[in-house]
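Asks: Sequence:
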Amino acid sequence: MKLPVPFRAPLPRPRPLLPARTLLLSVPLLLAGCRSGPDAALHDQTLTLGQGASVSAQQSFSGSWSIEGLPAWLSASTARGSGDLKVTFSANRAAGAPTAANTPSLLAAPQVRWTSADGGTTGTATLNVSADLYTLRGTVTDQASTLAAADVDRAPSRPPLTERALPGPRGVIVAYRSQAARVQAMRQEREVRSAVGETLTLRTDDVPGTLARLRADTDVLYAVPDAVLTALDRPEPTPSIPVRTASAQALAAPQQGTDEFAPLQWAYRLLGYPAVWRDMTDHPYPNAVTVAVLDTGVRYDHPDLQGQLYGPGDGALDVLPVTRDPQTGKLTYDNGDGDGPDTDPTDPDTFTYSLSDPAHQFPIPRSDPSHGTHVTGIIAARWGTFAAPCADCSTSGVVGASYRAPVRVLPVRVLDAPDGNGQESDIALALRYAAGDPVTLSDGRTYRTPHPAQVINLSLGGPLRDPDQIQVLCSAVSRATALGALVVAAGGNFGGTAPIYPAACPGAVSVASVSLSDSAVPTHAYYSDQYAQVALSAPGGNPATTFNGGTLNGQPMPDEILSTGWNYASHRPGYYLEAGTSQAAPQVTALAALLLSKGVAATPAAALDRMLATATDLGAAGRDSTYGVGLIQPAAALGALAVSDVLGLSVQDASGRTFTPALDGVGRFTAYLPDGAFRVVAGRDRNGNGLAGETGEPRVEKAVTLGPSLPTFDVGTLTPTP
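So in UniProt numbering, spot 55 of the sequence shown is number 55, and the numbers just go up one at a time.
None of these hints come from the bench; they were simulated from the model. Where is the CB? At the ideal position from N, CA and C, for every residue including glycine. Honestly, I wouldn't trust all of these hints.
[Unchecked claim] So the derived label-pair ranges between C-beta atoms look like this:
hint : residue 1 : residue 2 : range
1    : PRO438    : ASP301    : 22 to 32 Å
2    : THR124    : THR717    : 45 to 55 Å
3    : ARG465    : TYR526    : 22 to 32 Å
4    : THR551    : GLY52     : 40 to 50 Å
5    : PRO438    : PRO406    : 21 to 31 Å
Produce the complete structure using the sequences and hints provided.
Replies: What follows is the structure in structure tokens.
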């Protein structure tokens with residue numbers, strides 16, 4: 001329908017007051033007269049990004065200004081300037097979104113401090129910035145379910161590891177082209193430390209000169225420095241064995257550790273060990289397993305390790321040499337116990353100070369808590385009480401993963417007392433020895449263990465780059481695996497992306513470290529190295545966070561791993577907190593041993609397959625350089641009976657950060673998330689570790705990508721199924 005045109009009376013035409021030309025010339029003068037100058041002050045301003053990526057602030061000004069108080073999720077195109085305020089703010093929502101996913105918007109109030117052009121006036125303006133998060137909705141359905149102490153302390157802090165932190169080599173590894181050439185060389189070389197096959201290890205203070213001489217010899221295949229490694233305390237699946245499921249009325253009771261400090265051992269709860277220990281209680285594991293720990297040695301006198309170790313005469317070994325000046329007899333290298341190789345791998349009390357100055361050599365006590373004792377306790381600390389070793393000492397201490405399983409540790413000392421460092425030649429020899437090969441050490445004696453290890457733990461490593469140096473270690477790993485051992489190694493605490501050896505050797509199991517986060521799902525530990533050979537993840541801890549909820553001596557306990565240690569100052573046993581891939585590796589070692597002990601896996605290689613097949617995928621879907629295949633899942637790997645039956649939901653982004661929105665009484669959820677790709681996992685927690693939908697547990701997963709082009713999404717109904 002056409003609208004009527006309103007009637008207007010004709011308007012009289014006005015008579016010009018000025019000539020037309022004069023009027024035109026006056027217009028620009030009039031406009032110029034109305035224009036105002038820059039503001040004398042900056043003012044508060046509200047900026048709303050909505051669901052966009054950025055927003056701009058603009059104010060007229062003639063003075064100088066600077067922006068302060070930007071939160072991690074908000075960045076400014078410039079932080080200071082003069083003249084007009086022109087700044088673009090950009091949002092990185094992932095850096096600010098809380099893992100509870102319960103906040104619709106991110107808010108910030110950065111301050112702009114300003115000074116007038118003449119310098120006489122200053123002030124502060126507030127920019128109130130908001131950015132909306134993106135919304136994920138859905139429903140999770142549940143269809144008829146069928147189911148404080150004087151002897152506890154933190155280890156001394158250590159500076160971050162760098163490649164420069166490691167000392168230089170103290171010898172040379174030389175490989176000859178024939179056995180005959182090697183035998184001839186042994187007659188000629190004065191400082192032979194060890195011999196394996198066609199390879200000799202020579203002791204020398206002139207590494208460059210010795211290398212040059214050997215590399216000029218036509219009988220030499222290669223000659224490389226004997227690199228120093230250090231302690232790192234910071235497949236086709238086998239047939240599936242499902243987690244045995246009880247009815248809702250007949251869930252198994254979780255078996256908790258009863259020792260005094262067991263409540264502080266959060267890593268076992270994260271891995272669901274109460275279900276494993278219940279399984280072990282109800283169905284004893286029959287097979288004896290030997291685990292070799294190649295480390296600083298161990299304290300045999302720690303009461304929490306009594307009966308758990310092979311000792312002198314049972315295969316325990318110290319491979320480390322000492323060297324003395326031939327004229328003075330003074331030590332030029334002391335591994336800590338003042339003697340050479342022998343069958344006593346006790347981690348010694350003292351080491352010799354000032355090796356560079358023989359006139360001022362004297363023993364000094366150690367301040368570290370015995371790295372090898374700490375690693376050993378994670379695997380095999382005994383359960384129950386013992387006689388108190390001192391008036392204020394614990395009579396029960398901590399628990400180890402192996403509980404009642406017949407798992408014993410074979411200690412082999414390869415790292416020295418002063419620094420926790422070791423030569424790769426010694427470590428390579430020890431690998432062969434632990435797996436069952438005879439080895440000849442610097443004392444001229446040949447040793448062979450009566451208890452070859454099925455699993456070997458290496459909580460040590462270094463950033464090797466020379467292919468020949470790498471080959472020395474990797475050949476030893478290859479030999480150990482050929483003899484039937486599984487070699488588990490710490491993935492590295494250097495916080496980089498270059499491979500760490502021996503973990504990156506073919507056949508070794510490289511273990512990354514995770515720690516607790518502000519959600520139910522653990523996250524990558526900041527120090528843990530990331531590279532393609534990383535295979536599995538396990539708890540290694542984070543000294544900077546306190547998510548575990550425990551208290552120690554009245555303070556929140558750091559998220560570190562509590563285990564056995566030794567107080568060298570008072571010469572008595574203790575319990576220490578440490579963090580690193582050194583603590584993550586023995587978690588994997590212990591699980592491999594339990595798989596063999598129960599008989600779930602018939603061989604060490606099958607144990608690895610089982611761990612890979614049952615790991616909980618973290619971060620981006622599939623294997624990655626951060627987590628490997630994922631977090632080990634002992635209850636699923638061992639087929640343990642369910643000890644809980646709780647519905648849960650998690651939303652993981654590609655970096656491994658996990659959001660845990662709450663479910664209401666009927667299973668509905670609304671999650672406020674940053675932009676990105678997410679894995680939405682609904683499931684049931686059957687092993688009591690708080691993670692729902694792990695391997696062997698009912699689960700359902702959907703993928704969704706949120707952002708400006710899809711700010712809201714409803715995943716519909718999620719029903720976990722077996």
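Asks: Each hint needs a verdict: does it hold in this structure or not?
Replies: For each hint, the structure was consulted:
At roughly 30 Å, the beta carbons of PRO438 and ASP301 sit within the given window of 22 to 32 Å. The supplied range of 45 to 55 Å is met by THR124 and THR717, whose beta-carbon atoms lie about 51 Å from each other. Between ARG465 and TYR526 the beta carbons are some 23 Å apart, a value that agrees with the proposed interval 22 to 32 Å. Checked against the hint of 40 to 50 Å, the pair THR551 and GLY52 passes, with Cβ atoms roughly 44 Å apart.
For PRO438 paired with PRO406, a C-beta distance near 26 Å keeps the hint of 21 to 31 Å intact.
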